[in-house]
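Taken in sequence, the protein lines are chains A and B. Just so we're aligned: the first sequence equals residues 146 to 304 in this note's numbering. Just so we're aligned: the second sequence equals residues 146 to 304 in this note's numbering.
Calculated from the structure, these hints are not laboratory results. Be careful, since some hints might not be right.
Chain copies aren't distinguished; within one or between two, either way the pair holds.
In silico EDC-like links for lysine to aspartate or glutamate, alpha-carbon gap of 20 Å or less [said to hold, decoys possible]:
1) Lys-174 with Glu-223
2) Lys-214 with Glu-288
3) Lys-214 with Glu-188
4) Lys-161 with Glu-254
5) Lys-290 with Glu-250
6) Lys-290 with Glu-223
7) Lys-147 with Glu-288
Protein chains: 2
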Amino acid sequence: MKIELTPIGTIHTPFKTVENMPIQPSGAKHVAGTIEIFPEYAEGLCDLEGFSHIYVIFHLHRSAGHKLKVIPFLDTVERGIFATRSPARPNPVGLSVAEIVSVKENIIEIRGVDMLDGSPVIDIKPYVPDFDECSEIRKGWFEGKAGNAPKTLSDGRFK
Amino acid sequence: MKIELTPIGTIHTPFKTVENMPIQPSGAKHVAGTIEIFPEYAEGLCDLEGFSHIYVIFHLHRSAGHKLKVIPFLDTVERGIFATRSPARPNPVGLSVAEIVSVKENIIEIRGVDMLDGSPVIDIKPYVPDFDECSEIRKGWFEGKAGNAPKTLSDGRFK
């Protein structure tokens, strides 16, 4: 069985290649970009400007096949792909939280862009932390390493 | 252009129909379920047990077509679909944060289940709040309503 999705828009960012990109939104807080939603879906953006942040679900369109174990950017040993945010996933789907700067017609200006230019948009959801509120967070192998994400850039390992 | 994805597993939950389900993980904190990852992807679950929570990206497989404006469960007026978490999205993709109870071979036991039984799994990502840390959250039309999510159940409006 296959799941067939249709892009609803395109993400425009300063990052034309995978190398030297921020690896997480926390490393891209001030990087600006735009999400162009195709005009036929623009009506669905109503009421979005009241939110400060959105989840962007997008296609990792340059991902070249998957691996079940990878050495992630923040580590030196192999980890299971589902315990990482690496793009070499069985389904190349990315998830980022971005800050909304403005919503005008079919264009969402955002900040906190860790996405490749031209990435196809799958979905936009309002970010409402109450819904996902978690206590007692454990961060697995990221523990003590997640703080390095803002200063770590990607390289060509997942090309 | 289409994006073709292949389910990597199936979610097992107590919810056989859309009616009377929790509408968000915050309303389902103690509801247990399991994510069965197909054996060929099980190796990718290594290292996941060190995390307390995961993002589950899944197919809203019972969604019957999309609408650009909907009256969400927590409101009485129409809102743009991308400013809601309603399932009637152009791409029927759901996103939940679930608590990991255990990871054994290809089975993830979870708590915080607001998903329909049988939902196909698209991706699992570790939940690392540092990456998505946001200050100055504004919650748009959810403001003052998001707290009702734990006690609100779904109905048949998106069937």
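Consistency of the hints with the structure:
no., hint, result
1, Lys-174 with Glu-223, "neither (28 Å within a copy, 32 Å between copies)"
2, Lys-214 with Glu-288, "within (19 Å within a copy, 41 Å between copies)"
3, Lys-214 with Glu-188, "between (41 Å within a copy, 7 Å between copies)"
4, Lys-161 with Glu-254, "within (18 Å within a copy, 39 Å between copies)"
5, Lys-290 with Glu-250, "neither (40 Å within a copy, 26 Å between copies)"
6, Lys-290 with Glu-223, "within (15 Å within a copy, 43 Å between copies)"
7, Lys-147 with Glu-288, "neither (36 Å within a copy, 37 Å between copies)"
Hint compliance for this structure: hints 1, 5, 7 are broken, all remaining hints hold.
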